[in-house]
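Could you put the whole structure together from the sequences, leaning on the hints where they help?
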Amino acid sequence: MATPVELPKSGNTVEECLIARWIKRTGDIVSAGDVLAEVETDKATFEITAPVGGTMLATFFDEGALVPVFTTVCIIGTPGEGIEQHIPAGGRDSGFGIRDSALPQSPDGGARITTPAQIPNPESQITTASALSPRARRVASEHGIDAAALAGTGPGGRVLERDVRAAYESSPGVGRVLSDPAMPGVGRVLSDPAMPDVGRVLSDPAMPDVGRVLLDPAIGEHLASARTSGGAASSFHISADASGIARLRAQIESLGPKKVPDVTAADLIAFCAIRALVGASVLDGFRRVAVTSPTPRGLITVSVPDADTLSLVALSARIRELTTTVSAAKGRPAAADNLSGATFTISHAAGAGIERFTPAVAGSAAVLGVGAIRNDAIELSLTCDGRIVDAVDATRFLAALKDTIEHVEYHLILRGS
Amino acid sequence: MPKSIVIEPSRVFTRETIRFSEIPANAYDKSIREELAQYSPDDLVAMWLDMCAIREFETILNEIKTKGVYEGISYTHAGPAHLSIGQEAAAVGMAFLLGPEDHVFGSHRSHGEILAKAFSAIRQLDDARLMTIMTTYRDGALLRPVEATRAPNVRELARRFFVYGAYSEIFARETGFNRGLGGSMHAFFSPFGIYPNNAIVGGSGSIAPGAALFKRVNRKPGIVVANIGDSSFGCGPVWEGITFSAMDQYRTLWDVPLGGGLPIMFNCMNNFYGMGGQPVGETMGMQYIARLGAGVNPEQMHAERVNGYDPLPVIDAFRRKKQVLLDGRGPVLLDTVTYRISGHSPSDASSYRSKEEIERWLAVDSIRAFRSKLIDHGVATEDTLDAARATVDATMLEMFRLAVDLEVSPRVSIDSSLVGDVMFSNGRVERFDDRAPEFLHPPSENPRVQQIRGKVRTPTANGQPVPKMKAYNVRDAIFEAMLHRFAVDPTMIAFGEENRDWGGAFAVYRGLTEALPYHRLFNSPISEAAIVGAAVGYALEGGRVVAELMYADFMGRAGDEIFNQLSKWQAMSAGQLTMPVVLRVSVGSKYGAQHSQDFTALVHHVPGLKVVYPVTPYDAKGMMSAALAGTDPVVFFESQKIYDVGEMFAADGVPESYYEIALGEPSIKRAGTDLTLMTLGPALYTAVAAAQELEARFGLSAEIVDLRAANPLNYEPLAESVRKTGKVVLVGDAVERGSVMQTVAANLTQLCFDDLDGPPVVVGSRNWITPAAELEAMFFPQPVWILDAIHERILPLPGYQPSTNQTLEELIRREKSGI
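In the order they appear, the protein sequences are chains P and V.
Using the working numbering, read the first sequence as starting at 1 and increasing by one per residue.
Using the working numbering, read the second sequence as starting at 418 and increasing by one per residue.
Rather than coming from a laboratory, the hints here were simulated on the basis of the structure.
Careful, some of the hints might be misleading.
[Stated by the list, open to error] Taking lysine-lysine pairs in the BS3-like style, the calculated list, with each CA pair at most 30 angstroms apart, reads:
1) V:Lys887 x V:Lys872
2) V:Lys885 x V:Lys872
3) V:Lys1007 x V:Lys1233
4) V:Lys772 x P:Lys24
5) V:Lys887 x V:Lys1007
6) V:Lys1007 x V:Lys885
7) V:Lys772 x V:Lys790
8) V:Lys1058 x V:Lys887
9) V:Lys1141 x V:Lys872
10) P:Lys24 x V:Lys484
11) V:Lys1007 x P:Lys43
12) V:Lys484 x P:Lys43
This is the structure:
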């Protein structure tokens, strides 16, 4: 029975050995214990010895070949014995001469030389000019500040949080309104970076005034989304002759609440704005109206469904009723429906003496800020979400609004009571 | 140190000669007839069969490693296997008379030793005890596969259980003794008195003395044997372990009833080779390992050289030496001569020895020789022996087959959490034994306790700052925490250099000398490796220990013990062992280059160590208390700069009662809003000074967060502070490169990126040697460095002129020059 001789595994990590030298060749007579070959691992040279005596019937793999461990490298037995079942894969009786390796050669015949990776120029600048700290970037986006335009006071001209805040506090319009110390709630709230749910935070009774405006969770959502959307907001202004409004108001006052319902100038402006919305192309599609009114509890915004179907008196009553309901609710208002779906907001948020008021657009397509009436003139600002309402739409609307205000009596007749 | 032992000049200068006595080699000359008076024929046959079992156990491993198959069972073993084929007689002889209460520690080549010890223990334990051990060990996980093989009796079942557990462990299976986490070189099984083997050469040499110390201090029966090789006597820790074991004080100063010298035997399995280096004639000069005994003490360690190629001389030696140890006259050194036929490891080509030498040893093979002896003297017949051997071989094969079967003996899956789960035990043990803790007087009468009573524990007294001498300081805090645990846990001991009489080099232990007997607080030799090694050995036997390294710089002298032993045994034993060691390490001040280093980074990098660094009295007491109640090894850093500092932060002062601070929790020492200063170590006080400057000159409010620990570390409060302020400077006295603060800075960048107004900046010591005390301001972080860094890298301060170069260009220059 022929005896195959396997290459032993001489070491933990040894997977293959190099046949360094055949001591016995095919045809040699060997005794048990004779050295048959010298093999090399990466660490040392070993001898393969004959486990039995007999004749070398075959040797596989030439000197220099790399052979996996446990592979049969030669066979000892009696001449004439069958050896086919012991022939290893990848080997054949090599005798002398022809190179035969158990392993496929690599195509280029040797180790590939890799080129070293490009090393960046160590002389290059360490910091880039006009860098922005991550915190500054975040604060800038929260407050709609264009940080790229800022000069930084940090190391290497880096724009820091303090630079963004300084820019924010010195910007007109929204910035000024919201940094008004009479409105500590909103200012503090909106600059607090750790604010998850605006609506809930702002229902804190320690936050007066504007804070209460945002009691409603739907507005909270709107505000939050406005913050994160970054707002491509544009503002447009127009002034209108408000003498018609003033005349009507004088009549209402002189007749007194017993004779006529107390329709305010704000109501009149709201009525005009709704008229102007009808047919004002893009804005017409957003004719779900909300009205923001100042109350003793602060600013309250209410949604007025189907506002365009209401007469002036009905509109006035509706606004009053909704505002009172929301205002009377303790803490969070019960009916969130009041605010859902509004897409155009008419805001009388400005207090007395504010000539012009540019509101932040928050969830609506547009917000109309109504200033106070002075010398029979009134300032109006329209802030639009630039993705929805462009300058042309805004201009047309404001023109229509101006016209409606200046001819308010006519439009009242037109509408009917 | 003890005043009772006087160094008398006239005595010291007397003319004399140092005498040595003879050390016997191969003195055994008993005949089988004489031995049959002590051992029955069955005993002798059992010795032989144990040797055969070991031979077959290892032969199977050798075949598998080199051929990948044995008796038709194919298996590829990927891990190590250091075999000792040829050394069976020495192993069997060593174990034969040892009982389960005798504990052996081994080397990387200890399969034979653990099998022999197990077989011996199994013979001595009754069936009930054996069944309890097997059914309770990991809830019977090892027993179940073996029970199915239907052993004829409990003893045979136990033998199979052990062989199966050993193979499983070697093959990294869940059913191994250590769930596969120890492997061939660390396998052990303590119910049979088999304690950890060690991949580090001589590793057991510094650990085993700690185990012997445990037996001595806690009056436990039995001896400890360290089975280590001849080359291991070149290792420092082995010499230190011997020195530690041979201390005079066990007999001159310790209480007599305790029992005297440590019950430890250093048993050299002398097989004439390290890996391939040859001690005799090449790498060492001793010629005979036994010679070393003559250099250690007047008893010459009762050293003897015996023939390890025959079990009987070895058993004879062990009988006599075990008695020496039990009589309190230890330690003992035995030089057991043996030889391994197998190579050091499977990659050993035996290029360092000739085939002729191997052949000569094959000719005197111990198994064949002992077989002939038994047959020739009529102890047993050829047929009986061969039949018995065949049965033993078959059992080995069957256990091997079970152990390689992946269904019976699975490995944990690649996504298993096992390793992470066993790195720390996170346990809590009030006391490791129930006897009364020993004191020389009640703690309340202790002079130090009384002195502390008069101290002020709050930051101020009547609105005034407290003078240093009256302030309750960091030293007092550590003392109080330790005294509490000394009074609760009778196993707790403390040792190190200058611990007793001197009161510890930094006076933390002042008063403990009067309170505690020697065996609970003693001076060790100047042998850092033995100090930490003994703590490891003491702890893994089941006792609580506080070891002290006088200077952090000395950690290098205990390198292996800290990096490879203290940190790893809990995990390598898969949670079988705990390591309730507190290693107190003191960071130097004003003592120059080799006595001022803060090595927190080194140990926080080694998995398995908890690393803490409290620097206020309140923190020190709470954290030392927590460390002393736990079961994990804690490297407890202290700073010599601030031992005398009183409590400055806790308004209510340091409580007199017991309390713990969870290890790994940082604390906010000063709340602020504009930027965060994060510190580890006494840099806290530097940050306080910087914060005062920032407030006064620039109106900036700095929040100061004291990490208090390096590992584990709770990042939640750290991230919260940085998210709030957006700016953080991390300050520590350790050299900046690779420091703990760099790791924290990197993690904070991950956690707080979007809230950062500037990069986290690390201010550490220069990457230099520490200069002289007079020049230390050039090396350690100063308050002005912190302001410079803030100005340069984070927030330019109006009108500020930096005094040091904190630019990024300077960072590049330093790193390029490696300093």
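Verification of the hints:
no.: 1; hint: V:Lys887 x V:Lys872; result: holds (5 angstroms)
no.: 2; hint: V:Lys885 x V:Lys872; result: holds (10 angstroms)
no.: 3; hint: V:Lys1007 x V:Lys1233; result: holds (29 angstroms)
no.: 4; hint: V:Lys772 x P:Lys24; result: holds (19 angstroms)
no.: 5; hint: V:Lys887 x V:Lys1007; result: holds (24 angstroms)
no.: 6; hint: V:Lys1007 x V:Lys885; result: holds (20 angstroms)
no.: 7; hint: V:Lys772 x V:Lys790; result: holds (27 angstroms)
no.: 8; hint: V:Lys1058 x V:Lys887; result: holds (18 angstroms)
no.: 9; hint: V:Lys1141 x V:Lys872; result: violated (38 angstroms)
no.: 10; hint: P:Lys24 x V:Lys484; result: holds (22 angstroms)
no.: 11; hint: V:Lys1007 x P:Lys43; result: violated (50 angstroms)
no.: 12; hint: V:Lys484 x P:Lys43; result: holds (18 angstroms)
Going down the numbered hints, you'll see the structure goes against 9, 11, while the others check out.
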